[in-house]
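Protein chains: 2
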Amino acid sequence: MQVLEKLLDRIIQRVNINLRELGFDVAPYVRELIQRKQMFKFYAFYGITPHHPLNFQFTHSNLAGSYFLGSCRVTNSLLYKSDIRGDELKKKGTLFQFQDFEIPITRDEQIEIEDSFLIKTLVHNYSHDPETPEKFFIKDTISMHYANIHGSPSYGCFLGPFSTVDLTTMRDCVIGAFSYIQAGEISHIKIDPGTVWVRSPDKFNFLYRYEKNQLNKYIDFTPGNRPKGLLFDFVEDHKKEFERIFALVNIETPRSVPGSASLDRYAVIKPHTNISENVLVAQRAYLKNAWLGKGANAQENCYIINSRLEGYNVTAHGGKIIEADLGKKVFVGFNSFLRGSPDARLTIGKESIIMPHTIIDISDPLTIPPAHIIWGLVTNKKDLETNSMPISEFSKIETKFSLGNMIFEGSGASFISAFRHRIDHILEANGAFFNGAENKGHAQKNQSISFNTIQPYPMGELKGLYPSIIIQP
Amino acid sequence: MQVLEKLLDRIIQRVNINLRELGFDVAPYVRELIQRKQMFKFYAFYGITPHHPLNFQFTHSNLAGSYFLGSCRVTNSLLYKSDIRGDELKKKGTLFQFQDFEIPITRDEQIEIEDSFLIKTLVHNYSHDPETPEKFFIKDTISMHYANIHGSPSYGCFLGPFSTVDLTTMRDCVIGAFSYIQAGEISHIKIDPGTVWVRSPDKFNFLYRYEKNQLNKYIDFTPGNRPKGLLFDFVEDHKKEFERIFALVNIETPRSVPGSASLDRYAVIKPHTNISENVLVAQRAYLKNAWLGKGANAQENCYIINSRLEGYNVTAHGGKIIEADLGKKVFVGFNSFLRGSPDARLTIGKESIIMPHTIIDISDPLTIPPAHIIWGLVTNKKDLETNSMPISEFSKIETKFSLGNMIFEGSGASFISAFRHRIDHILEANGAFFNGAENKGHAQKNQSISFNTIQPYPMGELKGLYPSIIIQP
Chain A
1 MQVLEKLLDR IIQRVNINLR ELGFDVAPYV RELIQRKQMF KFYAFYGITP HHPLNFQFTH
61 SNLAGSYFLG SCRVTNSLLY KSDIRGDELK KKGTLFQFQD FEIPITRDEQ IEIEDSFLIK
121 TLVHNYSHDP ETPEKFFIKD TISMHYANIH GSPSYGCFLG PFSTVDLTTM RDCVIGAFSY
181 IQAGEISHIK IDPGTVWVRS PDKFNFLYRY EKNQLNKYID FTPGNRPKGL LFDFVEDHKK
241 EFERIFALVN IETPRSVPGS ASLDRYAVIK PHTNISENVL VAQRAYLKNA WLGKGANAQE
301 NCYIINSRLE GYNVTAHGGK IIEADLGKKV FVGFNSFLRG SPDARLTIGK ESIIMPHTII
361 DISDPLTIPP AHIIWGLVTN KKDLETNSMP ISEFSKIETK FSLGNMIFEG SGASFISAFR
421 HRIDHILEAN GAFFNGAENK GHAQKNQSIS FNTIQPYPMG ELKGLYPSII IQP
Chain B
1 MQVLEKLLDR IIQRVNINLR ELGFDVAPYV RELIQRKQMF KFYAFYGITP HHPLNFQFTH
61 SNLAGSYFLG SCRVTNSLLY KSDIRGDELK KKGTLFQFQD FEIPITRDEQ IEIEDSFLIK
121 TLVHNYSHDP ETPEKFFIKD TISMHYANIH GSPSYGCFLG PFSTVDLTTM RDCVIGAFSY
181 IQAGEISHIK IDPGTVWVRS PDKFNFLYRY EKNQLNKYID FTPGNRPKGL LFDFVEDHKK
241 EFERIFALVN IETPRSVPGS ASLDRYAVIK PHTNISENVL VAQRAYLKNA WLGKGANAQE
301 NCYIINSRLE GYNVTAHGGK IIEADLGKKV FVGFNSFLRG SPDARLTIGK ESIIMPHTII
361 DISDPLTIPP AHIIWGLVTN KKDLETNSMP ISEFSKIETK FSLGNMIFEG SGASFISAFR
421 HRIDHILEAN GAFFNGAENK GHAQKNQSIS FNTIQPYPMG ELKGLYPSII IQP
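Protein chains in written order, with the numbering used here: chain A, 1 to 473; chain B, 1 to 473.
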């Protein structure tokens, strides 16, 4: 057990050294967060398929409950129930277009995690940093429950629970709980909890901040305590239902799934769920009485409960949809929490964009018209006035605009077009547009994955540590 | 799938080249034996502990349902539900005593399986060959169901079902079904089915041969067919009961097991089973209403049903004991089949030696007095006259002796003493003599093993092949 203690101490020290300028001490946040016995209770697992790169190297780490796909190296790290999905990494011999640079990729990209501690974190996509196109690094980094590290190399950072860093290289930063950052490159800054920040230099800058007292109801993270609040309680309440899928070696497919769709065997599928063509359901997703139309997807840590999604819906990593009806091509961003109830259903019109880290939590029925963009906290119809706009209106913004707690600078059209482009790309990557022959994506390529399990030394000096494991084609 | 076909063709050709002088064609025996779909249905698994060497290298092979412990390398091979137990291999820096040679061991010994096809085969112990002390090789070899390759490097051989080669280096040999060979070194010979041969050059030579028509009732193996007969039916009849232990990730211990004993989680334990101190139950053992006294062991592929073993009993790999009462220190050799019934119990007095590959199959109650040695086929009291002797009498043989189908040459005392020595060594290695502090063996060291599972490519060109996997400390 001591070897894990030492590893944790070492990681904490490294992150603190990186964050010394911000005067941020990660120790009280993380030291007692995961009981050590949990760290050798759960097996880790990795996927083997002919459709993905295959290159795993695990050294001197604990990987309890974590999942790996594609190409990843993990060294001197603690990964607790995290998903490291290296299935969108760049391939050797391709060109990486960044602004005017055409960067030749000279070796297969790899996710390289070193001296880091990730808790229930999702790592996905590829390095969007032109300075490091072949290495998606996560070094001297600590991330908390349900953080998303999406296309974002990280060095010396602390990510709070339910935070997302998207397409952004970070150095020596603290990202507050439930903050969403998409800013290209950031360094030496501390982001307050509940910040939603989307920036494209010279093009636009979107900034929303949750009121602290309102945010605390949903997520509250203080030193020495586990995360608290509605969001955390919600996932904890469903934890038990995941036990069975990890306890059995083989899981029967609960219902017929079209040949063009894929349902991960590590997803929980409860009764009355409909899976249409080209649907992707990722591991650790939870579906209950969920109707997923053609090309819809439910990504890691999604919950779709008593809801209907008409088709081509993206429910990004950590999105939660409860008692809601979503029209075609509604996009639900990372970690959004949309909660209606049987007496107060939420209806969202087609082609609307729910910004990442949006909370819609209603007691009366609420309808959002088609083609709207929604952000921040919405608890009733009135809130929509300050937290949503028709996309067509938003596109008209040319220089500066503010509404409620949201500030926007730059071109609204450019912002919307970037979003639309991104949504189409996600649908494409997930295989939503597969026509039986072309446009294969994750939904088609993930259908048949073999899962291998790995476990740590059960006792002795190295208790809790995984042996060195190398898996290559 | 084609890649497995190619691999099998290649292995068959290699073995046939080795066996060309004997004019033996393995193809009709093995080509259709295992349906290809079975070869990607089952996961393989390996154990991680701090007490065993840890060095696994799997390359270009299918390992369906096989288990690995210790140090093994598998290349270009098909291993179907086999056990490769590298937990008794020699350690670097030790001395290997062989006759008058003291051989320094300069690197950790490894089991190296190459270009071979093993079906439900047990590989255990270490290379007893002084010419190759650090490499326990199995090359260009095909072995059938429930064969035991025990401390026996093999090159270019074919082993029939339920055959055992023990402490013997083989080159270019065919070992018939249910034959037991312990002969030091053999080459270019074809052993008929049902041969029990124990030879120590210049010391003794024991030879028994089953009558063909009698043996066929128990095991019959002809080209183009699966093995037939009572022995094969018996294990097939119990196959279903093993499914559950492979389907669950974690198995609860069915009852309290003393801290000094170990019960493998891949053993089947049915009700009314008692596990005393220092007991070892290996993977794929089957216990039902079995009373195991202190220091008893049940090795791989053992079945102990409605029986009582008083203590310090060795039930070697593949031994089967049904409706029997065994006194203290009764030794039951490899693949022996001892079958009483509720109305016709079998009683074996203490310190008796049941030679490997003995069949005792009775319809009336039968009692074997203490300190007897038993061999061959015994179906009633009369058969004991030609198939057993008091050990004290056997020890008096000085030059030559024969009884029934058994011929003995050399020193009976030396033969018995070699056996006794071996039994003590097995008990010691298995931890039967553990006193709470000293004399740890497998029973104590195997208590806490982590199991990792591995699977092949599920589809595509490499379907059925496992990726390259390297596991080291």
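Take the hints with a grain of salt, since some may be wrong.
One copy or two, it doesn't matter: identical chains are merged, so the pair holds either way.
[Said to hold, decoys possible] Derived DSS-like pairs: lysine-lysine, alpha-carbon spacing no greater than 25 Å straight-line:
1. K445 <-> K463
2. K41 <-> K445
3. K92 <-> K463
4. K463 <-> K81
5. K445 <-> K228
6. K228 <-> K239
7. K328 <-> K190
8. K37 <-> K445
9. K212 <-> K445
10. K135 <-> K328
11. K328 <-> K212
12. K91 <-> K463
13. K240 <-> K288
14. K217 <-> K203
Read the hints as simulated data drawn from the structure, not as lab findings.
Hint by hint, here is what the structure shows:
Taking the closest pair of Cα atoms, K445 and K463 come within 25 Å of each other only across two copies (14 Å); inside a single copy the shortest separation is 36 Å, beyond that limit. For the homomeric pair K41 and K445, the shortest alpha-carbon distance between copies (20 Å) is at most 25 Å, but the shortest distance inside one copy (31 Å) is not. Only between protomers do K92 and K463 lie at most 25 Å apart by alpha-carbon distance; the minimum there is 24 Å, versus 38 Å within a single protomer. Proximity of K463 to K81 under the C-alpha cut-off of 25 Å is restricted to the intra-copy arrangement: shortest distance 18 Å within a copy versus 29 Å between copies.
For a Cα distance limit of 25 Å, the shortest separation of K445 from K228 qualifies neither inside one copy, at 37 Å, nor across copies, at 43 Å. In this assembly of identical chains, the alpha carbons of K228 and K239 lie at most 25 Å apart only when taken from the same copy (15 Å versus 49 Å across copies). When the C-alpha separation of K328 and K190 is checked against a cutoff of 25 Å, the pair qualifies neither within a copy, at 37 Å, nor between copies, at 73 Å. When the C-alpha separation of K37 and K445 is checked against a cutoff of 25 Å, the pair qualifies only between copies, where the shortest distance is 21 Å, while the shortest distance within a copy is 36 Å.
When the C-alpha separation of K212 and K445 is checked against a cutoff of 25 Å, the pair qualifies neither within a copy, at 42 Å, nor between copies, at 55 Å. Proximity of K135 to K328 under the C-alpha cut-off of 25 Å is found in neither arrangement, the shortest distances being 36 Å within a copy and 64 Å between copies. With identical chains, the CA atoms of K328 and K212 are never at most 25 Å apart, being 34 Å at best within one copy and 75 Å at best between copies. Taking identical chains as interchangeable, the C-alpha atoms of K91 and K463 lie at most 25 Å apart only when they sit on different chains, with a minimum of 22 Å there against 37 Å within one chain.
For the homomeric pair K240 and K288, the shortest alpha-carbon distance inside one copy (14 Å) is at most 25 Å, but the shortest distance between copies (34 Å) is not. In this assembly of identical chains, K217 and K203 lie within 25 Å of each other by CA distance neither inside one copy nor across copies; the values are 34 Å within and 85 Å between.
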